[in-house]
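*Asks:* As you go down the protein sequences, you meet chains A and B in turn.
Position one of the first sequence corresponds to residue 451 (my numbering), numbered consecutively onward.
Position one of the second sequence corresponds to residue 451 (my numbering), numbered consecutively onward.
I should point out that these hints are in silico values taken from the structure, not numbers from a laboratory.
For each residue, glycine too, the CB sits at the ideal point set by N, CA and C.
Hints are not guaranteed to be accurate.
Partial list, computed: chain A residues near chain B (C-beta under 7 Å) [stated by the list, open to error]: (1) PHE452; (2) VAL507; (3) ALA769; (4) GLU770; (5) ASP787; (6) LYS879; (7) HIS881.
2 protein chains.
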Amino acid sequence: MFEAAEVGRTIAKEVWDLEVPQLRADLLAAQLALRSTRVPVILIVSGADGAGKGETVNRLHEWLDTRGLETHVFGPLTDEERDRPCYWRFWRTLPARGRIGIFFGSWYTDPIVRRVYGRSSTTELDDAMARVAFFEKMLVEDGALILKFWFHLAKKEQKRRLRRLERDPETSWRVSPDDWKHFELYDRFRKHSERALARTDTEHAPWHVVEATDDRYRELTTGRTLLAALQRAVTPAAAAPPAAPAPPAAAAPAGGLTILDRVDLTRTVTDNAYRKELAKLQSRLSRLAREAYQRRQSSVAVFEGWDAAGKGGAIRRVAEAMDARDYKVISVAAPTDEERAHHYLWRFWRHIPRAGTMTLYDRSWYGRVLVERVEGFATEAEWARAYAEINDFEAQLVGHGMALAKFWLHIGKSEQLARFREREQVAYKRHKITDEDWRNRKRWTRYEEAVNEMVARTSTRAAPWTIVPANDKRVARLTVLRTLCRGLEQAL
Amino acid sequence: MFEAAEVGRTIAKEVWDLEVPQLRADLLAAQLALRSTRVPVILIVSGADGAGKGETVNRLHEWLDTRGLETHVFGPLTDEERDRPCYWRFWRTLPARGRIGIFFGSWYTDPIVRRVYGRSSTTELDDAMARVAFFEKMLVEDGALILKFWFHLAKKEQKRRLRRLERDPETSWRVSPDDWKHFELYDRFRKHSERALARTDTEHAPWHVVEATDDRYRELTTGRTLLAALQRAVTPAAAAPPAAPAPPAAAAPAGGLTILDRVDLTRTVTDNAYRKELAKLQSRLSRLAREAYQRRQSSVAVFEGWDAAGKGGAIRRVAEAMDARDYKVISVAAPTDEERAHHYLWRFWRHIPRAGTMTLYDRSWYGRVLVERVEGFATEAEWARAYAEINDFEAQLVGHGMALAKFWLHIGKSEQLARFREREQVAYKRHKITDEDWRNRKRWTRYEEAVNEMVARTSTRAAPWTIVPANDKRVARLTVLRTLCRGLEQAL
């Protein structure tokens, strides 16, 4: 990929002087138009040391309205970042819709550097790039515009530039010992970068390899490329959602039967046995949570289920067993406007627990393939691709070493009716039942289908679903506690 | 204060059994009502080691709806926290309106512990408590309900409890070597805590010292106190804004003259001199910014001024001189709904720069005493108390070692008119001029008054205002650059 960027391209000063004023005006106009779109722009700046990455970013700041612009530099991980999956630092810095985020250093940096220094294998680099490609695809499908620039310098040219930077007292600070170390590894760096780029040069997020020798050529090319991309992004035609992909082959319930039909809802437990078992499990969980805290083992528990299935009660039994310092309950309500301005997973990313603690999600990212699917809040294309997005997200949690448990609390349709009726009659329960609950109930079959497909598509070995029989609340609570205990035991 | 909590109060099991069910139902109802208020609840849990703080927090989690509840524990500072003023960790965790935040450890912990270990003087403890009192008053005036619990144990009792906790394998983990060290310092701890409490036992945020020997007494008292406070907070009468204090004695402009009238707007500079000086100052700032990054010196620059005074242009000249990695421009637009759910300073707190970098605020917290005052978006009570709140906030920035610069870009009324007209005529400037600008212009005199009072009340030695003559944009830009350079030089 890099040969094409070693041909000695330059831009004459006259061309620059002639073109830049118009380019700046056009960039500002495009940026202004961007503000009212749903498009977040992610501009990745990468390439060889000394290739003028910093200068180019500065130039973009000069050309664009800095008020709609943010630049993120990724240095060493902070301790808050180290406690979470490695993409967390990117998750939390992704720009909101209508804004431009310049990523100085990105999800490419670490995998390439590790490979160059021999700290990872080619297979590992390839795996990392597959994850990158998936992540970028997810963002683009959500409406993002991703612009990836690679500023390339031939080996000789890099040496010349590092020398020149070092000589000038104004710029010598830009050259670190690391830069010279990288230079000695130029050939390795080139080889592995080329491989990384080839594997992530996708239709939705192509690479722009820019010959970096001539400052004017480098900066003008970057500006022109950005302008063209912005202009495409803000034209109404382009802003339309991409054509929906063919609907996925749904895990069609054989003979109308779903996974849920196989749940034994008749299971029950005596009051006495329940009390004994509950005490035993809670004390076991209590010990495990304590150990998890000491050993910095974090966990995530997801609670989904029919309305009135007893999610709240189950969560309370878990919480009772834990120290309030060690867990957080995230109750998923309507998204805030900041949440709506980001990818739908963003509102869950923000609550990923720090090392040693647990986040309990009372409803979760699965809303995308449940309520949003059934109620039509998400398009078919959106919920259809969410399965893979969720699997990847959960794989990152598990990959970081977190314990992950997912519960679907299942009750029969008539049991639900009985509980709705009871809630209507008890004063302090009345607020729990709303018109929405009755509306959802009418769509029981469609929810059943959605649950079935959800479980079929997202029950992975690393993150399996637990279908909890919940007609007897006591059985449900014990099942949840037992599953959490086992998960923590395995993780520890 | 503590003698009253050493009288041996207990609650019999029968009383507990009788009262708790009703208390729980009432707490849930009050918490539900809280959700639709503008009241954030801050519940501070503090007191002696082994006094059952953790157990009490767990009990509250059991009694309340955990979905409207969050618990924050403050352990060692993270590196992201160390980079900011010491209240930043609290700023970022304050609960949103309608929610309850339990603070396990709080702004009291560090000052008391420092004093007990002899790492600070009594005067320093008193100063810290004065800041606490101010901070709490600010939150309460903004609608917060602050509940401060101090769980007290007599010396003998503390020893007994630590022993008991240690003997039981289920609870021995709760006793750390630090706890025994604290115990040996019991008398010092008691003395300094008592002093701290006395100085912060205010009308708006009184202390509740609870005798902690008997678990049932401690927990029931806490529950009852919380319930009473919640019930008061959710009754419509109490939710009404407090009576406006007497308007502050405005720094009345003598003979109708304001600070702004003393600005020499005729100053100008030739094009040639401007270009030379600009280059000199930008290169000086560039060097300083680099040094600041290396020495982890952060800074904050605030830009206020009349519409069309040239804030954007001045900010651009500053940005040009810096590496895009080293600064952020925060453009203050309408608050998001998450921002509206917090104290008005919250939206600025979130952007406090990390060590070594600069945040440029394009409009700022001064909106409270400018546009919000003039347009009536804030009540008189709100903007009147904002001067002191802002002074305290800025004192914290400066106290943390940040360089702080505040600019008011001043132009004459006729110069503004000329600029508005020009903007209307130039295609790529037209988006900069809105009806709002024309409306603000009609209120020139009232803005003048507001600016005058703002400067008079918030120009402190640590954080002085720079009034920038901006009829000549070039003079304005040079003034801004020069001031920033000087500020950084001093800080470094």
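*Asks:* For each hint, tell me whether it holds in the structure or not.
*Replies:* Hints, one by one, checked against the model:
1. Restraint check, A/PHE452 versus chain B: the minimum CB separation of about 25 Å is more than 7 Å; hint violated.
2. With its C-beta approaching chain B no nearer than about 4 Å, A/VAL507 sits inside the 7 Å limit, and its interface hint holds.
3. Taking 7 Å as the C-beta contact cut-off toward chain B, the hint placing A/ALA769 at the interface holds, the least distance being around 6 Å.
4. Interface restraint check for A/GLU770: the shortest CB-CB distance to chain B comes to about 6 Å, inside 7 Å, so the restraint holds.
5. About 5 Å separates the beta-carbon of A/ASP787 from the nearest beta-carbon of chain B, less than 7 Å, and the hint is met.
6. At about 10 Å, the closest approach between the beta carbon of A/LYS879 and any beta carbon in chain B exceeds 7 Å, and the interface hint on this residue is violated.
7. Interface restraint check for A/HIS881: the shortest CB-CB distance to chain B comes to about 6 Å, inside 7 Å, so the restraint holds.
Checked against the numbered hints given earlier, this structure breaks hints 1, 6; the rest are met.
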